[in-house]
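Asker: Sequence:
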Amino acid sequence: MLGSQLDGIASNVQLATGPKGNAGGSYRFMGTSNSYIELPNSGGLDTMYSLTVVMWIYPEGPTDGPIFNYGTSTSNLWRVHFWIATGGNFFFRPADRQGNMYSSVTSPATSGQWHYVAVSYDYNTGVARLWIDGVEKGKETVGVFQLATDLNVRIGVKTGDARYFKGRVTGIQVYNVALNRDQIMAVKTRGEG
Numbered sequence: 286m287l288g289s290q291l292d293g294i295a296s297n298v299q300l301a302t303g304p305k306g307n308a309g310g311s312y313r314f315m316g317t318s319n320s321y322i323e324l325p326n327s328g329g330l331d332t333m334y335s336l337t338v339v340m341w342i343y344p345e346g347p348t349d350g351p352i353f354n355y356g357t358s359t360s361n362l363w364r365v366h367f368w369i370a371t372g373g374n375f376f377f378r379p380a381d382r383q384g385n386m387y388s389s390v391t392s393p394a395t396s397g398q399w400h401y402v403a404v405s406y407d408y409n410t411g412v413a414r415l416w417i418d419g420v421e422k423g424k425e426t427v428g429v430f431q432l433a434t435d436l437n438v439r440i441g442v443k444t445g446d447a448r449y450f451k452g453r454v455t456g457i458q459v460y461n462v463a464l465n466r467d468q469i470m471a472v473k474t475r476g477e478g
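When we follow this note's numbering, the leftmost residue of the sequence shown carries the number 286, and every step to the right adds one.
It is possible that some hints are incorrect.
Calculated cross-link-like contacts (lysine-lysine; reagent style DSSO-like; alpha-carbon spacing at most 30 angstroms) [as the list claims (entries may be wrong)]: (1) K473 <-> K422; (2) K473 <-> K424; (3) K451 <-> K305; (4) K424 <-> K451; (5) K473 <-> K451; (6) K473 <-> K305; (7) K422 <-> K451; (8) K305 <-> K424; (9) K305 <-> K422.
Okay, the calculated beta carbon distance ranges per label pair [stated by the list, open to error]: (10) R382 <-> T444: 33 to 39 angstroms; (11) T444 <-> G373: 22 to 28 angstroms; (12) V462 <-> G428: 16 to 22 angstroms; (13) V420 <-> S396: 25 to 31 angstroms.
Since the hints were derived computationally from the structure, they do not count as laboratory data.
Heads up, the beta-carbon is just placed ideally off N, CA and C, and yes, glycines get one too.
Generate the whole structure from the sequences, applying the supplied hints.
Answerer: Quick look at the structure:
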């Protein structure tokens, strides 16, 4: 896992109940332009090659927006991003350092309940995957390239974009390898809230 405890900059988020029912076990995002957490990236989040991002997510309502987005504004070229997309789908799209985006991996997200979600990209195989509650829901061969993971990460908002994530998040973990199902399940209880 990269950077065991990163200091994020929070704006208009609230502590909320986590997936285990613990008060204060997650962060709630309001679905507004000023509700986000920014994770500074001085290299600790820059996986460059392979990547796995694991987290617990509780979507609220039909809104679409960034859950985990490298790059903080629309003035940045698109970077690796994981969103709730139009229609209420989890949406993961790898991008390279020149701003080229590749095929996305999507799967429906059920609002109003917790999901244990992982997205991964394997530099050795060029395959991107999306896992929901321990089940692989999507797989796409996107090619081999260096990932655009070099900028700060925003959760909830991408400045200049009118789409905002509404819901709760906890237990975010970032790895510089493409974890398999057993490995993803082995880290499930870290940060479960």
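Asker: So, for every hint listed, does it hold in this structure?
Answerer: Evaluation of the provided hints:
1. K473 <-> K422: Holds - the C-alpha atoms of K422 and K473 are around 17 angstroms apart, at most 30 angstroms.
2. K473 <-> K424: 21 angstroms, holds
3. K451 <-> K305: 20 angstroms, holds
4. K424 <-> K451: 26 angstroms, holds
5. K473 <-> K451: 23 angstroms, holds
6. K473 <-> K305: Status holds; Cα separation ~12 angstroms.
7. K422 <-> K451: 22 angstroms, holds
8. K305 <-> K424: The hint holds at about 29 angstroms.
9. K305 <-> K422: 24 angstroms, holds
10. R382 <-> T444: 33 to 39 angstroms: 20 angstroms, violated
11. T444 <-> G373: 22 to 28 angstroms: Because 23 angstroms falls inside the window, the suggested range holds.
12. V462 <-> G428: 16 to 22 angstroms: 18 angstroms, holds
13. V420 <-> S396: 25 to 31 angstroms: With Cβ atoms ~18 angstroms apart, the hint is violated.
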